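Chemist: In terms of our numbering, the sequence shown opens at residue -8 and continues consecutively.
Calculated directly from the structure, the hints in this document are not laboratory data.
Only a predicted model underlies this, so the values are computations on that prediction, with no experimental measurement involved.
One should not assume that every hint holds.
Once the Cα atoms are required to be at most 30 Å apart in a straight line, the calculated DSBU-like pairs of lysine-lysine come out as [to be verified]:
id	residue 1	residue 2
1	K(-3)	K23
2	K70	K8
3	K(-3)	K17
4	K8	K23
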Amino acid sequence: MDINDKHLTVVFTINDKEAFRPELDKLMANFKGSEGEPWAITAISRDHEMRRLELIEEAVEARRFELIEELLGLVNLHKINSISDIP
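Using the sequences and the hints given, assemble the complete structure.
Modeler: Pasting the structure below:
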């Protein structure tokens, strides 16, 4: 990891919501605007956004543009292995 990068994306897999609660509280305490801050958490997603982006990139490469809107609304993305799994 290069600390000179402007943004860092971290994906958490939460298997025990109660055990994760103290960490979530710490994350939310740092969720704020970045102006004047040495660092701040500026975006949080409740879904698997990295997987969604991978699937969108796959759809673009396959020129299956009609799937992109559907991908934006899907949940449980971890169950989709490829765009061919989308009806």
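Chemist: Against this structure, judge whether each hint is valid.
Modeler: Hint by hint, here is what the structure shows:
With a C-alpha separation of about 16 Å, the suggested pairing of K(-3) with K23 holds against the 30 Å cut-off. Of the pairs offered as hints, the one joining K70 and K8 holds, with about 20 Å between alpha carbons and a cut-off of 30 Å not exceeded. With a C-alpha separation of about 21 Å, the suggested pair K(-3) and K17 falls inside the 30 Å cut-off, and the hint holds. As the CA atoms of K8 and K23 are separated by approximately 23 Å, the hinted pair is consistent with the 30 Å bound.
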